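Visitor: Please build the complete structure, drawing on both the sequences and the hints.
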Amino acid sequence: MKRAFLLILLLNACSPFLMAQIGIYQHGSVVRMHMGDCVLARHGFMATFGGPAAPVAQEPCPEYTLLSDKVVFVIVGKSSNQLIPLAEIIDFRFHNNELAVRVDDAKRETKFTIREMILRSEWERTQQHIEERLRASYDPAVDRTIGTRNQP
Amino acid sequence: MTSLTKYGNWPVYAVWGLILAGAALSSAADSPEPTYHSTVSEVRLTLFATDEHNHSIDNLRSSDLAVVDNEFVVRKFRSFNLSSETNLDLVVLVDSSQSVLPHFRKEITEVLQLISQAQWTPDDNVSIVTFDGMEPHTICAGNCRSSFSADRAATLSTGGDTPLFDAMAWAARFLMQRRDPAVRPVIILFSDGEDTSSKVSAREAFEDLVMSEAQVYAVDVNRSVPASSGTLTLKRMAEVSGGRYVSIGEGAVKILHAVLDDLHSAYVLTYAPPASVAEFHSVRVLPTRNLNLQFRCRRGYYHPGSNDKKRSP
Numbered sequence: 001m002k003r004a005f006l007l008i009l010l011l012n013a014c015s016p017f018l019m020a021q022i023g024i025y026q027h028g029s030v031v032r033m034h035m036g037d038c039v040l041a042r043h044g045f046m047a048t049f050g051g052p053a054a055p056v057a058q059e060p061c062p063e064y065t066l067l068s069d070k071v072v073f074v075i076v077g078k079s080s081n082q083l084i085p086l087a088e089i090i091d092f093r094f095h096n097n098e099l100a101v102r103v104d105d106a107k108r109e110t111k112f113t114i115r116e117m118i119l120r121s122e123w124e125r126t127q128q129h130i131e132e133r134l135r136a137s138y139d140p141a142v143d144r145t146i147g148t149r150n151q152p
Numbered sequence: 153m154t155s156l157t158k159y160g161n162w163p164v165y166a167v168w169g170l171i172l173a174g175a176a177l178s179s180a181a182d183s184p185e186p187t188y189h190s191t192v193s194e195v196r197l198t199l200f201a202t203d204e205h206n207h208s209i210d211n212l213r214s215s216d217l218a219v220v221d222n223e224f225v226v227r228k229f230r231s232f233n234l235s236s237e238t239n240l241d242l243v244v245l246v247d248s249s250q251s252v253l254p255h256f257r258k259e260i261t262e263v264l265q266l267i268s269q270a271q272w273t274p275d276d277n278v279s280i281v282t283f284d285g286m287e288p289h290t291i292c293a294g295n296c297r298s299s300f301s302a303d304r305a306a307t308l309s310t311g312g313d314t315p316l317f318d319a320m321a322w323a324a325r326f327l328m329q330r331r332d333p334a335v336r337p338v339i340i341l342f343s344d345g346e347d348t349s350s351k352v353s354a355r356e357a358f359e360d361l362v363m364s365e366a367q368v369y370a371v372d373v374n375r376s377v378p379a380s381s382g383t384l385t386l387k388r389m390a391e392v393s394g395g396r397y398v399s400i401g402e403g404a405v406k407i408l409h410a411v412l413d414d415l416h417s418a419y420v421l422t423y424a425p426p427a428s429v430a431e432f433h434s435v436r437v438l439p440t441r442n443l444n445l446q447f448r449c450r451r452g453y454y455h456p457g458s459n460d461k462k463r464s465p
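In order, the protein sequence lines correspond to chains A and B. For the first sequence, position 77 matches number 77 in my numbering, and the numbering has no gaps at all. For the second sequence, position 292 matches number 444 in my numbering, and the numbering has no gaps at all.
None of these hints come from the bench; they were simulated from the model. Certain hints may be false.
These stretches of chain B come out as covered by chain A in the derived footprint (C-beta under 8 Å, 3 or more residues) [as the list claims (entries may be wrong)]:
no.	stretch
1	278 to 288
2	425 to 431
3	439 to 446
Example chain A residues on the side facing chain B (calculated, C-beta under 7 Å, incomplete) [what the hints assert, rightly or not]:
no.	residue
4	Val30
5	Val31
6	His34
7	Val76
8	Ile89
Facing chain B, according to a computed beta carbon distance under 8 Å, are these residues of chain A, among others [stated by the list, open to error]:
no.	residue
9	Ile24
10	Arg32
11	Pro85
12	Ile118
13	Leu119
Because the structure is a prediction, the values reported are computed rather than measured. In this text, a Cβ means the ideal position worked out from N, Cα and C, and glycines have one as well.
Guide: Here's what the structure looks like:
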C-alpha cells in the first residue's frame with residue numbers, strides 16, 4: 001500500500017515531464033506582457049445563485065500574449081505574482097478551459113485563464129495594420145529636433 | 153552645326169569647373185572636418201540582479217532576462233556588459249537647510265569624505281552640491297576627488313528653506329547637459345525628503361529625473377517612526393530611478409559600501425525601443441528561466457522623440 005502511494009506520488013510529480021516526453025505540449029512565445037484586470041472566474045451554479053461576488057483585492061494580474069503556430073492566446077494570471085519566465089519558447093497545453101504553462105525544465109505547471117483566442121494570421125494582419133498606422137503618424141520633424149539637440 | 157555651336161565652348165566650361173572644384177577643395181581643407189549626425193534610437197538600461205537571498209549575481213547572461221517595454225517583450229539586446237566598464241558622472245546633493253545639515257554634519261561629512269576618497273576610475277567625475285534657501289550651491293564640479301577635503305565639509309554653510317525638488321531638477325539637468333552615452337549618471341542625495349520652498353513641482357522634478365536617466369541613492373536623515381512623507385518621497389525617487397534607499401543610521405561606511413557595491417555590480421544593456429507613439433515607456437526586467445532572480449532598474453523612460461525640454465540649470 002505504501003509503495004503504491006509512493007508510486008502515485010512519484011508519477012504525479014513527474015507528470016509535466018512525462019507529458020513533455022509524450023509530446024502533449026504545444027509550443028509558443030510570449031511577445032507581450034502587462035499587468036491588467038484580473039479575470040473573475042466564476043461559472044455555473046455558484047455564479048448564478050451564489051449572490052454577489054466577494055470583494056476582490058484590486059491588485060493587477062499579469063496578462064500575456066502567447067504566439068503559437070496557428071493561434072494567438074491572451075492569457076491572464078489569477079494573482080499579481082503569477083508570473084511565468086519570459087523564455088523564448090514555452091510549452092503549454094489545454095486543461096479544463098485553461099492554459100497550463102510549463103517553462104523549460106520546470107517540474108510544475110501554472111494555469112492561466114484564457115481571455116482571448118485569435119487566429120495567428122488574423123492577429124498578424126491586425127499588427128501590420130497598427131504598424132502601418134504608426135508609421136503614417138510618424139513625424140520626421142521630431143527626429144530632426146533630436147539631431148539638432150545632439151549636436152555638440 | 154547647331155550642336156557644335158551649343159557645345160563649342162566646352163573647354164572654357166571645363167576650366168571654370170576645375171577652378172571652382174579646386175576652390176571648393178581648398179576651402180574644405182581650411183574648415184574643420186565635417187561632422188555627420190544621425191539619429192540613433194536606443195534605450196540604455198542599468199540593472200541590478202539579485203538571487204533569492206538578495207545576493208548580487210556576477211555571472212548574469214543576456215539570455216537570463218527579458219525587458220518588458222510598454223508591454224512588448226524584448227529579448228534581443230544590442231549590447232550587454234558589466235557596468236564596471238563604464239565611467240560615472242556622480243553628483244552628491246546635500247540638503248544644507250537648518251533642519252538637516254546642523255544635526256547630521258558629522259555623519260554627512262564622514263560620508264562625503266569617504267566618497268571623495270573612494271576608488272573611482274580616472275575618468276569618473278564627482279561633483280558636490282548643497283541646497284538651501286533659493287538655489288543650489290556648487291562646492292566642486294567634476295573634480296571633487298582632488299579638490300574636496302573634510303575641512304571644507306565641516307564648514308558648509310546652512311540656510312533656512314529646503315528646495316528639494318528644485319535641487320533634484322537642477323542635478324538632473326546638470327547631468328543631462330553633460331550626458332555621454334558611455335557615462336552613467338548617478339545622484340547621491342542626503343535629505344529628510346521634505347520640500348519647503350521649491351519653484352519646481354514634485355512631478356517636474358521626477359520627470360527631469362527620469363529624463364536624466366540618473367540613478368538616485370537616497371540617504372534618509374530622518375529618524376522618525378513611523379516613516380514621514382519625506383521618507384516616502386526619498387524611497388520613491390530611489391525606486392523610480394532604479395537606485396537605492398538607505399538610512400543615515402546605517403553609518404557612513406555601510407552607506408558607501410552599499411553605493412559602491414551597487415555601482416560595481418550593475419549591468420548595462422541597450423536595445424532598440426519597440427515602435428510606439430507613447431511618450432513615456434514603462435520598463436520592467438523579468439527573468440527568462442529562473443523566477444528567483446530579482447531585477448532592479450529605472451521604471452521607464454521618455455522616448456527620445458518626445459524629449460523637447462530645454463531647461464538649463
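Visitor: Now tell me if each hint is right for this structure.
Guide: Here is how each hint holds up against the structure:
1. With 0 residues carrying a beta carbon less than 8 Å from a beta carbon of chain A, the stretch 278 to 288 of chain B misses the three-residue requirement, and the given coverage is violated.
2. Proximity of the stretch 425 to 431 of chain B to chain A, defined as three or more residues with a beta carbon under 8 Å from a beta carbon of that chain, is established by the 3 residues found.
3. Counting residues of the stretch 439 to 446 of chain B whose C-beta lies closer than 8 Å to any C-beta of chain A gives 5; at least three are required, and the coverage claim holds.
4. For A/Val30, the suggested interface contact is upheld, since its CB lies about 6 Å from the closest CB of chain B, less than 7 Å.
5. Given the 7 Å rule on beta carbons, the hint for A/Val31 holds: about 6 Å separates it from the nearest Cβ of chain B.
6. Look at A/His34: its Cβ gets to within about 4 Å of chain B, closer than 7 Å, so that hint holds up.
7. Evaluation of the A/Val76 hint against chain B yields a violated restraint, the C-beta minimum of about 14 Å exceeding 7 Å.
8. At a threshold of 7 Å, the smallest CB-CB gap from A/Ile89 to chain B is about 10 Å, leaving the interface hint violated.
9. Of the supplied interface hints, the one on A/Ile24 is violated, with its beta-carbon coming no nearer than about 22 Å to a beta-carbon of chain B, more than 8 Å.
10. Because the beta carbon of A/Arg32 sits about 5 Å from the nearest beta carbon in chain B, less than 8 Å, this interface hint is met.
11. Nearest Cβ of chain B to the Cβ of A/Pro85: about 5 Å, under the 8 Å cut. The hint holds.
12. Hint status for A/Ile118: violated, given a least beta-carbon distance of 16 Å to chain B, over 8 Å.
13. Because the smallest distance between the Cβ of A/Leu119 and any Cβ of chain B comes to about 21 Å, over 8 Å, the interface hint for this residue is violated.
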